[in-house]
Amino acid sequence: MRRLAGVPLLALVTCLALVSDAPAVVRKAVGWQAVWSAAFDNRSFGLTEDVFVYSHTLVPSERALAVAARIGRILILEPVTGRVLSTVPAEPRLGDVRELWVADEALVVLRERPGRTGDEFEGVLTGYDLATGQRLWGSRLAREAVVTRRAVAALTASDVELLDARTGATRAVMPIPQGCTAAAAAADELVAVLELCANDRVHLAAVDPETGRPHWTRDLTYRRPQQWPPAEGTDPRRDVGVATAADGTVLVHLSETPYLYASDGRRLPADIHGEATRSPIVTGEGVAVYTSIPDGGGAGYVQGIDPATGAIRWTRGVTGPTSFIATGDLFVAEDREYPGLESWPLNAYLLAIDAATGEASELPLPATEGATILEGGAGGLVFVSTPTRDDDSTGVKNGTRITAYRLVRANRAPANPPGVAPPANWPDACGLLTDRDLSLLAPGYLAYPHSRTLAGSPLPIPAVCDWIPPTDKGDVVSVSVIWTAPSTSEAQRLAAEEVRYGLAATIKGRDGPDIVYYQLGLPAGNQYGALVSVGPVITKLVASTPGTVRRLAPRLRDNLRTSAGPRHGHRS
Amino acid sequence: MPRARRTKRDNSPASGKKSPERKPSEPVEEGAGGARPGRAVLAWVAGIVGAVIVAAVGAVFTGWFGSLGPGAFDEISREAPVTAAYVKTITDGPDLALREPVTAAQDRAILLGRPDAAQHEAFLERYRAAPVGETRVIVVLNGNRAGLRIADIRPRIVTREPVPDGALLSPAHAGEQGTIEVAADLDRPTPRFTSVKDRDTPYFETKQIDLVRDERVTFIMTLTACKAYYEFELVATVISNGRAEQVVIRSPGGLPFRLTGPARAYRTVYDESSMGGWSVRSKPGKYRIEGC
Chain A
3 MRRLAGVPLL ALVTCLALVS DAPAVVRKAV GWQAVWSAAF DNRSFGLTED
53 VFVYSHTLVP SERALAVAAR IGRILILEPV TGRVLSTVPA EPRLGDVREL
103 WVADEALVVL RERPGRTGDE FEGVLTGYDL ATGQRLWGSR LAREAVVTRR
153 AVAALTASDV ELLDARTGAT RAVMPIPQGC TAAAAAADEL VAVLELCAND
203 RVHLAAVDPE TGRPHWTRDL TYRRPQQWPP AEGTDPRRDV GVATAADGTV
253 LVHLSETPYL YASDGRRLPA DIHGEATRSP IVTGEGVAVY TSIPDGGGAG
303 YVQGIDPATG AIRWTRGVTG PTSFIATGDL FVAEDREYPG LESWPLNAYL
353 LAIDAATGEA SELPLPATEG ATILEGGAGG LVFVSTPTRD DDSTGVKNGT
403 RITAYRLVRA NRAPANPPGV APPANWPDAC GLLTDRDLSL LAPGYLAYPH
453 SRTLAGSPLP IPAVCDWIPP TDKGDVVSVS VIWTAPSTSE AQRLAAEEVR
503 YGLAATIKGR DGPDIVYYQL GLPAGNQYGA LVSVGPVITK LVASTPGTVR
553 RLAPRLRDNL RTSAGPRHGH RS
Chain B
180 MPRARRTKRD NSPASGKKSP ERKPSEPVEE GAGGARPGRA VLAWVAGIVG
230 AVIVAAVGAV FTGWFGSLGP GAFDEISREA PVTAAYVKTI TDGPDLALRE
280 PVTAAQDRAI LLGRPDAAQH EAFLERYRAA PVGETRVIVV LNGNRAGLRI
330 ADIRPRIVTR EPVPDGALLS PAHAGEQGTI EVAADLDRPT PRFTSVKDRD
380 TPYFETKQID LVRDERVTFI MTLTACKAYY EFELVATVIS NGRAEQVVIR
430 SPGGLPFRLT GPARAYRTVY DESSMGGWSV RSKPGKYRIE GC
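Going down the list, the sequences are from chains A and B. Whatever position you read off the first sequence (first residue = 1), add 2 for the working numbering. Whatever position you read off the second sequence (first residue = 1), add 179 for the working numbering.
This list has only true hints and no planted wrong ones.
Sample of chain A residues at the chain B side, in silico, Cβ under 8 Å:
hint : residue
1    : Pro227
2    : Gln228
3    : Gln229
4    : Trp230
5    : Pro232
6    : Glu258
7    : Leu448
8    : Tyr450
9    : His452
10   : Asp474
11   : Ser480
12   : Ala526
13   : Gly527
14   : Asn528
15   : Val544
16   : Ser546
Stretches of chain B that chain A covers, calculated by requiring three or more beta carbons in the stretch to come under 8 Å of a beta carbon on chain A:
hint : stretch
17   : 281 to 290
18   : 293 to 303
19   : 389 to 403
20   : 448 to 457
Honestly, the hints are just simulated from the structure, not real lab data. Yeah, the Cβ is synthetic: ideal placement off N, Cα and C, and Gly gets one too.
Could you put together the complete structure from these sequences and hints?
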């Protein structure tokens, strides 16, 4: 009997194997390709040179990419090309821009009302036509707002008003009961309103943004977090929040306790730790994803859950606090191999996770980590900006560059990701200063190599080397090979980017363009170093004293020049 | 939730977004230097008690070490009445004493150079690095019964030895210390948490903590020592269904917590170096800390 039953089972297994073999072309992520890149500065926003802009705000959607400075014009870009679609005129009387949203047809802007008094934020909301930049409606007073595809939920002290994003017309008003405060979050087609009342009762309503009628509601109880010993002067403000993913998944946290609901109101049994509940939740390809980073930082993880069942589809470790976005069928996070330890490697890596399978690829951007801010994504594109900086050499004030990248897939992953030299071309850090070089300082230095891992693969040669003096009072010297580019011109571009965005203060030197001396103020005192780049190799030299850096940096450069001769892929 | 961190965050200028919630994943910018290296050194300082920091991450998953009281071994497979969801030692600030001087070439390279976090952590374990004078431990306990009461938590000393004087590591101070009102003095014959002003009245009795299932309580416990080197664990007495059970809390990784009194002088004193490692202080002199 048993043997007979085995035959159809075997046949079935064979069939399945054949079927699953057929579409076996799994396209591998091979690299990030820039789709467009555009620079903006004060002139782009109609601002004079003397206006200081600390940072720019970027809000991406599939429809438009909105870019704003604190004041001035707001630019609406075509996300696929970077072309300026329209410009929203400056509204100097409305105050500084606080937040922006891109709805289906309108740009919604919350500005800080000028001349306000008191601690509570007071803002004004206005709506603009995405296609023309013309004001459509406003301004409406609001403390906070959230925006769905077609509606705006404006929170005031006494109610939540649902407005048509296109016309600003009021569709519904939901009064906030006396003694309660409200928070809200918006999905594509749903507004989640959380009311927290004086008696610790919490009311959650998932509201239809068109009518204000609740799809579903839940009553919860807030339990005050217990602490021992009771802290004096504890903040009486209660720790609650609500977040939504685009598909309508709702995540509520009441102090440490998380509540996860599917868009139809079913409570999902997701195993979310307390600290995860404050991170954003995003969806793509029918998977909801959240990150969990421990309080105070450190390694955490990203988890994809099935919003239908709450089952965990996949889990990935992440190395630390990170921006986290959904775009197309990808989740993308900035990834640091050595968070907090040192600035290694030079280039930024983005971790892309396939929403459905959890398969992850870590690939470098053609940009340094210090020059990279992951802003968001839409339609499969990832938008990255540089920190806002002046560039005195070209007269640029408060400039930033926005670049859109797309993940390129191929049938076969290349041996080496684009933008970085193969591991065999990276020089041995311990070979970059010789005993003779170190004997300038004192005899008896010993070299200690440190290996480094690049996107999960260990480099075969030490990328970092410490030279320890014979006595504890001597100067410690350390060299890091922070990047090896495929070409000299690429290395020069990256080194210049690092000087501009990664080194706070550079010091003039007379040792030629290959050496940039710098100084960084740290809690433990000043760090003295030099960025030394020769050919495709970029290194950093750090030592206990500036004098030692100046003595050794030219030696390091000369050794790099010698070793950067014709390479055959192997070290001698 | 180290208080120093929270204070720092509150003092920082408004970040532009109006969210009233705290955002634990936001890095706190430090110092006047570039954000990146500033963070790097702080993380490195945190790595001084690297065992704790690194393992505290693991604590979320595995970081509780419960044992049932004597006579309860027949029920050992049952889930403990409370589990530690989070254990962390606050590493902002205190000096660390090492038992032996650091003379081996490899260890000097770790101390003076720029090793990775795992190497440094193993180094501190080997030298049994202990914070000097005072340590603060944060424990979040999660209730696993329909109802239970935490009747007491007290330190239990596992090892007592003379204070080490091999070396002292003195980090650059970035965080400010809050005032301590409740602490357990490990030098006392039976250490218990008391008011700092009145060392004779057990403080725990003033508030008993009741938890329902999945409810949590955060303990921020300060421990002090002047006279000796201690390895200790924390023992919670939990009452549920009319019976008392003991739950032992250890540092992430399953090791006891460490704390030492100060030596009069250390053979070598190292200050945090701006390169990321440690550098020798030229004239260390006599060593004193407040309270000892």
